[in-house]
Amino acid sequence: KQEVTQIPAALSVPEGENLVLNCSFTDSAIYNLQWFRQDPGKGLTSLLLIQSSQREQTSGRLNASLDKSSGRSTLYIAASQPGDSATYLCAVSPLMAGTASKLTFGTGTRLQVTL
Amino acid sequence: KAGVTQTPRYLIKTRGQQVTLSCSPISGHRSVSWYQQTPGQGLQFLFEYFSETQRNKGNFPGRFSGRQFSNSRSEMNVSTLELGDSALYLCASSLEPDRTSPQYFGPGTRLTVL
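If you read the protein sequences in the order shown, they are chains A and B. In case it helps, our numbering puts the first sequence at residues 31 to 145. In case it helps, our numbering puts the second sequence at residues -7 to 106.
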């Protein structure tokens, strides 16, 4: 059974700092990995999707890397802003055919960027 | 293009009642998935529908059911509500149920069972 863990569970940084969020998964048989952000009481916003054949994806100040063999992904946020404050979740999609939508989510990292 | 919409946004029910939640996917998206989010268990996959057929199901009791209509809109139903069913129910849509389509989530329906 796939298990996804995110460390740290909570993080507080001053504005402008660069930061890294970690995601680890126990079963390397994944097809892709997605990073989401969730604002309090709201749904999820997709940030980046990395196919298992890729090593990283970038969007603006965000960069996500994937090391499938070691079961790890990182989300790098450059020059953090107060608007980045949210919970960040990673989710893996299984490799087994026909099950791509059965995402397994991590426990989340609650990020607070202070002024 | 409008995002995924879910109705209602908030619901309060009592134990033993049943509830129906609705999800309208992004226009052109044909795959709809449902997730339950609770503080204790986090986000858990409920089921996925494509072309009016359930393709995948998570580890939830039979009280949880769903369906999809020909216009790709989906509903989920929970019968004989229990206190533990209180959660944020999220719907996600994607173009096709394949591996390269990211899932786009709606704002969720907050269900409180008293």
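Among the clues, some could well be false.
Stated by the list, open to error - No more than 25 Å apart at the CA atoms, straight line, and that leaves these computed lysine to any residue pairs for SDA-like:
id, chain 1, residue 1, chain 2, residue 2
1, B, 49, A, 85
2, A, 31, B, 5
3, B, 5, B, 71
4, A, 98, B, 12
5, B, 49, A, 129
6, A, 72, B, 12
7, A, 31, A, 90
8, A, 31, A, 124
9, A, 72, A, 90
10, B, 49, A, 90
Read the hints as simulated data drawn from the structure, not as lab findings.
Going down the list of hints, with the structure as the test:
1. B:49 with A:85: 30 Å, violated
2. A:31 with B:5: Given that 25 Å is the threshold and the Cα spacing comes to 33 Å, the pair is violated.
3. B:5 with B:71: Holds - the C-alpha atoms of residue 71 of chain B and residue 5 of chain B are around 11 Å apart, at most 25 Å.
4. A:98 with B:12: 39 Å, violated
5. B:49 with A:129: The hint holds at about 9 Å.
6. A:72 with B:12: Distance ~20 Å between residue 72 of chain A and residue 12 of chain B Cα, so the pair holds.
7. A:31 with A:90: Roughly 34 Å between the alpha carbons, so the hint for residue 31 of chain A and residue 90 of chain A is violated.
8. A:31 with A:124: 10 Å, holds
9. A:72 with A:90: Between residue 72 of chain A and residue 90 of chain A the Cα gap is close to 23 Å, so the pair holds against 25 Å.
10. B:49 with A:90: Not satisfied, since the Cα-Cα distance of roughly 35 Å exceeds 25 Å.
Comparing the model with each numbered hint stated earlier shows that hints 1, 2, 4, 7 and 10 do not hold.
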